[in-house]
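Number of protein chains: 2
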Amino acid sequence: MTWLAFPSVSTNHAHKPDIDACAEYTRALLIDAGFSDVTRIETPGHPIVYAAWQVDPALPTVLIYGHYDVPPPDPLALWETPPFVPTIRDGQLFARGASDDKGQIYCHIRAIKAYAETVGKPPVNIKIVIEGEEEIGSPNLQLFIIATRERLKADIALVSDTPMIAPDRPSLCTSLRGLLYTEIKLRVAATDLHSGQHGGAVPNALLELSRLVMSFKNAQGEVQIPGFYDGVPLLSEQAREAIRALPHEDAAYQSELGLSHLEGEAGYPTLERRWYRPTLEINGMWGGYTGPGSKTVIAAEASAKVSMRLVGTQDPTVIAQNFTAFVHAHVTPGVHVHVDIHSMAPPVQVAQEDRFVRAASVALEKAFGVASVFQGEGGTVPVVADFKRILGINTVLMGLNLPNDGIHAPNERISLANLERGMQASVHFLAEVATATT
Amino acid sequence: MTWLAFPSVSTNHAHKPDIDACAEYTRALLIDAGFSDVTRIETPGHPIVYAAWQVDPALPTVLIYGHYDVPPPDPLALWETPPFVPTIRDGQLFARGASDDKGQIYCHIRAIKAYAETVGKPPVNIKIVIEGEEEIGSPNLQLFIIATRERLKADIALVSDTPMIAPDRPSLCTSLRGLLYTEIKLRVAATDLHSGQHGGAVPNALLELSRLVMSFKNAQGEVQIPGFYDGVPLLSEQAREAIRALPHEDAAYQSELGLSHLEGEAGYPTLERRWYRPTLEINGMWGGYTGPGSKTVIAAEASAKVSMRLVGTQDPTVIAQNFTAFVHAHVTPGVHVHVDIHSMAPPVQVAQEDRFVRAASVALEKAFGVASVFQGEGGTVPVVADFKRILGINTVLMGLNLPNDGIHAPNERISLANLERGMQASVHFLAEVATATT
Numbered sequence: 095m096t097w098l099a100f101p102s103v104s105t106n107h108a109h110k111p112d113i114d115a116c117a118e119y120t121r122a123l124l125i126d127a128g129f130s131d132v133t134r135i136e137t138p139g140h141p142i143v144y145a146a147w148q149v150d151p152a153l154p155t156v157l158i159y160g161h162y163d164v165p166p167p168d169p170l171a172l173w174e175t176p177p178f179v180p181t182i183r184d185g186q187l188f189a190r191g192a193s194d195d196k197g198q199i200y201c202h203i204r205a206i207k208a209y210a211e212t213v214g215k216p217p218v219n220i221k222i223v224i225e226g227e228e229e230i231g232s233p234n235l236q237l238f239i240i241a242t243r244e245r246l247k248a249d250i251a252l253v254s255d256t257p258m259i260a261p262d263r264p265s266l267c268t269s270l271r272g273l274l275y276t277e278i279k280l281r282v283a284a285t286d287l288h289s290g291q292h293g294g295a296v297p298n299a300l301l302e303l304s305r306l307v308m309s310f311k312n313a314q315g316e317v318q319i320p321g322f323y324d325g326v327p328l329l330s331e332q333a334r335e336a337i338r339a340l341p342h343e344d345a346a347y348q349s350e351l352g353l354s355h356l357e358g359e360a361g362y363p364t365l366e367r368r369w370y371r372p373t374l375e376i377n378g379m380w381g382g383y384t385g386p387g388s389k390t391v392i393a394a395e396a397s398a399k400v401s402m403r404l405v406g407t408q409d410p411t412v413i414a415q416n417f418t419a420f421v422h423a424h425v426t427p428g429v430h431v432h433v434d435i436h437s438m439a440p441p442v443q444v445a446q447e448d449r450f451v452r453a454a455s456v457a458l459e460k461a462f463g464v465a466s467v468f469q470g471e472g473g474t475v476p477v478v479a480d481f482k483r484i485l486g487i488n489t490v491l492m493g494l495n496l497p498n499d500g501i502h503a504p505n506e507r508i509s510l511a512n513l514e515r516g517m518q519a520s521v522h523f524l525a526e527v528a529t530a531t532t
Numbered sequence: 095m096t097w098l099a100f101p102s103v104s105t106n107h108a109h110k111p112d113i114d115a116c117a118e119y120t121r122a123l124l125i126d127a128g129f130s131d132v133t134r135i136e137t138p139g140h141p142i143v144y145a146a147w148q149v150d151p152a153l154p155t156v157l158i159y160g161h162y163d164v165p166p167p168d169p170l171a172l173w174e175t176p177p178f179v180p181t182i183r184d185g186q187l188f189a190r191g192a193s194d195d196k197g198q199i200y201c202h203i204r205a206i207k208a209y210a211e212t213v214g215k216p217p218v219n220i221k222i223v224i225e226g227e228e229e230i231g232s233p234n235l236q237l238f239i240i241a242t243r244e245r246l247k248a249d250i251a252l253v254s255d256t257p258m259i260a261p262d263r264p265s266l267c268t269s270l271r272g273l274l275y276t277e278i279k280l281r282v283a284a285t286d287l288h289s290g291q292h293g294g295a296v297p298n299a300l301l302e303l304s305r306l307v308m309s310f311k312n313a314q315g316e317v318q319i320p321g322f323y324d325g326v327p328l329l330s331e332q333a334r335e336a337i338r339a340l341p342h343e344d345a346a347y348q349s350e351l352g353l354s355h356l357e358g359e360a361g362y363p364t365l366e367r368r369w370y371r372p373t374l375e376i377n378g379m380w381g382g383y384t385g386p387g388s389k390t391v392i393a394a395e396a397s398a399k400v401s402m403r404l405v406g407t408q409d410p411t412v413i414a415q416n417f418t419a420f421v422h423a424h425v426t427p428g429v430h431v432h433v434d435i436h437s438m439a440p441p442v443q444v445a446q447e448d449r450f451v452r453a454a455s456v457a458l459e460k461a462f463g464v465a466s467v468f469q470g471e472g473g474t475v476p477v478v479a480d481f482k483r484i485l486g487i488n489t490v491l492m493g494l495n496l497p498n499d500g501i502h503a504p505n506e507r508i509s510l511a512n513l514e515r516g517m518q519a520s521v522h523f524l525a526e527v528a529t530a531t532t
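Chains A and B, in that order, give the protein sequences.
Just so you know, we're using my numbering here: the first sequence kicks off at 95 and counts up by one.
Just so you know, we're using my numbering here: the second sequence kicks off at 95 and counts up by one.
These aren't lab readings, by the way, just hints derived from the structure by calculation.
Hints may be right or wrong, so weigh each one.
Said to hold, decoys possible - Non-contacting residues of chain B with respect to chain A, defined by C-beta distances greater than 12 Å in every case (computed):
| # | residue |
| --- | --- |
| 1 | Thr181 |
| 2 | Arg245 |
| 3 | Glu302 |
| 4 | Leu306 |
| 5 | Trp380 |
| 6 | Gly406 |
| 7 | Gln443 |
| 8 | Ala528 |
As the list claims (entries may be wrong) - Covered by chain B, per the in silico footprint, the following chain A stretches (three or more residues, Cβ under 8 Å):
| # | region |
| --- | --- |
| 9 | 331-337 |
| 10 | 482-495 |
For every residue, glycine included, the Cβ atom is placed at its ideal position computed from N, Cα and C.
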């Protein structure tokens, strides 16, 4: 899959030419699949690739969304084969983006191509949006959706950017967490200081930051930002029962990911913590001397990337304000501190009873030969909330990858079997949608 | 001073050719000063430059020590002029190494050259050792001193690698803190994990490291490593009185260094905390995503560089063991953790009554026109303990730079006035030693 060879790392400006080349290749892929009308829409950031195939106005319209950008591949040293040299090994396709999200969206492109090459056209109208900024919070996508809301009109959206619960257990996701991603920078001195000359007398930015970071959660793992839990729903006993029935074991989960132990908010089982509870994580932290060997320095500055996952009706805007105030209130008086908000996306729920969700359930069962399950997802697909709010449509979240595919990590992969069944599921889904009744 | 143009960064292997070129230039400097016998001694690390000038066996011998290596100049962005382009501005010479230690040792080289060019030879026998690994803990110096102890025989050592207490207040340092420099690396998962998919359920290496780092000291700033304070002497009331008499004000100190506040062990004044109390500092810390923008990752690994300054008879070997055990005992069970020891040096005290220390006091007064003071120093000059233990000689610690010269920090500098007076002080000191009586 040549698509995977493009290092389309959206967060790093050095990769701008790769992003552009990847957008161009995405256009070519869609033309090859049979779309006659493929446009590349420039944004202040990276381009969006858009195509439409109007078959018959009387038929339903499916709006497919995916993203061609990827997160950085570092740490590079841990990849067994280079991240942008797609490699097949043991029935798996390895590359950054193999699973998140090029591999999954590729299933739908190939399904359309299959219809084009056999019956000459898909069984429903298709609109497809493939953006290049999902991994940096889609800063320009919402404006694009608002500006082109008429052109994007559809009956249902289809997104494959969530995992299956387990191999051979196709999954439809009905709940996504929201995201608030921040960066904290604090400063305690004009410059780095010699730790011999001044050690013991001056503040240390790294100690100050560690202290701050430790104040975000209490010993029970509960987030201490005021108002943080406003709008967090408690699950019904029925919903908890359904989660317990899903294939998950703490011991297997821990061993599969090589975890030293499990951690998190006290009183909630693992899947509930991952999908239906809000959380706060430190995504990165640095300061002082971080090179090889030793340097006897006291850090003047230290930084941390801190993100929160949100559920229910938690409002990222309100929490961003409360978080910023909390940070300012919890550093030692005199310390200079600044909080940047990198991205925000509200949480979203999808109705299990939607006729198109039911159509997806039928399609997955036909492709995988086993009934699909409903599950939540701890990650964030911000576009789903935008589709609901701006276009007024629900989204089918058809997971085609696996939890241990290593997305955002070294040796990201997708199984060739899932790629094949994903294409079949997409073929069936489009056929089911054509005949879906309200 | 061309010497300062060499980026002789000892901790970074990429600078090996620069180190070699700098050693060669150091040889040339000594030959230019009049030494006929200058050798470059290879070590498993960076070379030592050694020279001797035997004037008369009846005269005392001064062993001068300095180092031509420097710590890394980062963060580069904060330098007003490039660190390895020596630049004069406002009566200051700016460059990495201007103050620590090339500038200071240069004063002694110039003093010898002055004698050579006027009376043809110095007034005492001179031996000089200029090494290239001081900033990485002098891993090969001790073996060199042991192996060449006969050749290095001298009556007194002279080291200028400590600061004056204030401008126009020449200082002799009579106490140096020791150093124990460690690096901690911990791991909580096999790979970095997606913070959406797994956030709330898995351990976070950065949170684990922050928790560990916060456990090293209590709220009073007291180090919690068992046995840490064994061998820490309490100052006499007389010594405390002498410190109080030194020119120091907390408010001026805080404002000069741009500090947000002062911090440290409760119950001890600032100069006592800097010179005569042991301490523990975080010198660097990193993990997770530290690049531009956002990446929704939970760090599998995190690292910290942690160093301790030691006083009295604190034993770095014992503390290294206790520290390592403390780290292992204070991570969450299951977390993989490893502690590396980068360097160790014991603390050292120098007798104020030594006849050569008195000679230095006279020399400083002649050069600066004002009486010198005795002070402690928070930093570490490991060679001083080695000279005492292996060669059986004391060391005169003649500080020629200023506390705000920015050593180990951006915009390191030395005042041209101090360079000039440092040369004069060295000229006077050698003359005083020639006539010093027991």
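Discussion item. Let me make sure I understand: some of the numbered hints might not hold for this structure. Which ones are they, in numerical order?
Written reply: Going through the list in order, the structure violates hints 3, 4, 5, 9, 10 and respects the others.
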